[in-house]
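Engineer: Chain residues, written in single-letter form:
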Amino acid sequence: MVTTEIPMDTRSTSPESPNPESVQSPGTKAVDAADKTLIDIDHVDFFYGENQALFDINMKIEEKKVTALIGPSGCGKSTLLRCLNRMNDLIDGTQIKQGAITVRGIDINSPEVDPIELRKRVGMVFQKSNPFPKSIYENITFGLRLQGVNDKSRLDEVVEKSLRGAALWDEVKDRLDTSGLGLSGGQQQRLCIARAIAVEPEVILMDEPCSALDPVSTSKVEELIHELKTQFTIIIVTHNMQQAARVSDRTAFFYMGKLIEYDDTQTIFMKPSHDQTEAYVSGRFG
Amino acid sequence: MKRFFDSELEQFRSHLIKMGEISIQQVQDAIKALVEADGDQAKRVIAGDDELDELEVRIDEEAMRYMSLRSPIASDLRLVIVGMKASHDLERVGDEAVGIAKRVKRLAKEAPLKSYIDLPRMASIALEMLRDALDCFLDDDAEKAAIVIRRDKEVDALNKQLYRELTSYMIEDQHTISRGIELMFISRALERIADHATNIAEEMIYLVKGKDVRGTSE
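Those protein sequences? They're chains A and B, same order as listed.
Mapping of the first sequence onto my numbering: residues 1 to 286, in sequence order.
Mapping of the second sequence onto my numbering: residues 1 to 218, in sequence order.
Chain B extracted, bound-state conformation (with noise of 0.2 Å):
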């Protein structure tokens, strides 16, 4: 039986949608400006930010007010839940898009130090992970969530290449620090974003089965 208030939660749904599409959208162009030294494509990307903020928020007030008035329990009170902790991490895959920008703002202006080959390749993964941690949540699909999470370690472990990649060449070459130190945290708001992604991903996990599986993961 639908519900006159089933319009609402359809609202709050979309919204998180659609954080999810923006912040995917940000964090590619912000790997799209390191690669190609786009200094205005990082801009667009700081300035794109105020969108995913404003969502974040109306979905919290969406959240108070459908908790409030309509008194949600089972799936109806974990949809709701979950959407509050899912577009917080959204936001926090937002920021830090714009935390790669801002660096990317700064690298463009110099020789790049190195070619870009696993910057990229650690971003797509953790895009690849957002994406899947979204089906997730148009799906109910929980078996895609569990490989998500499962994927992070890929993530982590090119994260700590690169930064092993980038100490040597900082050693021998003091010229490449602050260009290394970008590209270091550069990687580590990569390796963050994959951590986003895994919350996602156990958070949908949480709506589709109700079950907590943080933590649990070898």
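Just chain A, same shape as in the assembly (with noise of 0.2 Å):
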């Protein structure tokens, strides 16, 4: 297969894209969204066979910046996170059936574009940790053994690099030859953030990643996150609003598949434009 690299150059392709559903409310700083879109999620419909989940999907979203997806379960959202590194085509029959999704001006659904290469870009983090039944240190190096990295010094140097990065370092150097699976829950969800950055994606995908985390966990990873995006781009799924309201710069509020409102995450959580948003975030929905 032919594959297209995603560009890593740290500069937007299409400088002159206007930010319409950007909505300032006053006091929020004006965004300029036209120099940071990383990933142009361009009027998307999705299938699950018949089903459709999404509906007319259009949204911007900037590079270094955390990106909240909230809404009630069966929204879309994690859909949709799913369609940013095309996890969803392990499901038979689903499809993108209208519109189009780019990551630096490349359409990642393109025939070209290799699905492996994508989800090196573009990281994810699940929401039950799953560190592979090896050491933690073959966890942190296993995907750049698979990019056939196997320079010692070169894999000590990202082990270190990317734990460091993942705020777990200090708790776990001593012991980077025993299981990832005999860490704590927070630690292995940690252990699995040093992984996902090991690789140096751009974006980083997080779907629930504190669910199961007790709130000092929680915190550490809501601090991790606060961190990493000097570095990447992180979406994260959430049902926590707090969570959202903390840790994101935008937020998207989803409703029976439909994106009702995008915006700051500062607007969205003190003066929603749309009622379904306000009844949600203040927990008053249905």
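Simulated from the structure, these hints should not be mistaken for laboratory data.
It is possible that part of the hints are untrue.
[Said to hold, decoys possible] In silico DSS-like pairs for lysine-lysine, Cα to Cα no more than 27 Å straight-line: (1) A/Lys152 to A/Lys134; (2) B/Lys18 to B/Lys2; (3) A/Lys120 to A/Lys152; (4) B/Lys153 to B/Lys209; (5) B/Lys160 to B/Lys32; (6) B/Lys2 to A/Lys173; (7) B/Lys2 to A/Lys65; (8) A/Lys161 to B/Lys2; (9) A/Lys229 to A/Lys271; (10) A/Lys173 to A/Lys128; (11) A/Lys64 to A/Lys258; (12) B/Lys85 to A/Lys271; (13) A/Lys229 to B/Lys2; (14) A/Lys65 to A/Lys229; (15) A/Lys128 to A/Lys229; (16) B/Lys2 to A/Lys64; (17) B/Lys32 to B/Lys43; (18) B/Lys85 to B/Lys144.
Relying on the hints, combine the two individually framed chains into one complex.
Structural biologist: Have a look at this one:
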């Protein structure tokens, strides 16, 4: 298969795309999304077989920001998240019937894009931590070894850098050869984040990364998300509204497969434009 | 464990402290203008009030934002609530200073009715109360706040005494009436400032101990 590398330069390729969904509220800084769009979701309709799960989703995701996707179960937020690195390819009968998703201007669903290459660029962290039944060291180096990296000193370097990046290094540096499954739940989740960042993706997708963690581990992961955004673009699906409010810069509210509102997090949680958003974030829904 | 949004609370605290410093300065300057019959100083006090008003708005915005995005609980929540209330009290202290300054502007054009002794005394007690109330905020010291609340009576007593004294002046000589009334209002403004200091002290006790002491003092 011919693969198209998604260019690594940090400048957007479409500088004059407008930002129609940004409604500025007084006191919020104007966001010039034109320069910062990394992922452009352009009028996407998505189907599971005959069932339409996403309706005309249109949103631009900014580089090096945390974007939260919120909404009740079944609203399509996880489906959309999985569209972004083509995880839905693994489910039979799924299809984007309309629209396109581009990362740095490249259509990720075009036949030239290798989904494996795409997933290197767009990494993922799941709800339930899923370390491989291998040592901590091997968990981190797994992706690089697949890419054919075998140089021990290079691998050592990546292990330390990734574990430091995931705020786990100090806790595990003396037992890198022990099983990743021997760590606590919170540590396992940070190990999975370290594994995701080891291959130096541009984007990290997080699907409910804290729902199985206790409050202390949750705040560690939230702290980590705050630090990671200096290097990565993060998209997080969460049911925990306080978490979305705390960690994200932009928030998108979904309901019944539709994007109801997408704005600065501050606006969504202080003065949303839509009644449905207000009802959801204030817990008055349904 | 430090949280990434702790800096927002620090900023919130520092804005409140700044409001405290400015409002104390405003009262000091207003009283200085009175004693020195300095109309220009009074004008500067009037102009200086804008900064306090802006800070109050800013503190409210920060509090709203913090409550909406950080879901504060326990001492964080008390800090945000107390910060909003205390900033309102400080803004009112600033308004009282402006009220004094406006009267000073008029008084400065006439001969002083009497030498000013009780008013500066009232002012210095009210200012000490304000300073102590704000020190509790800096040091988490609820004991100091309790002292502030007790001192409110001293200012109330001075206010009443001055009221009687000025009334007797006005009965004796009707030419003193306009000045007497201005001074009564200044006295009343200082008494109000002490009340705001008392409110702040009560708020600080709530902040430190989580206990509402309003209406419980003898």
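Engineer: Honestly, which of those hints from before does the structure not fit?
Structural biologist: none
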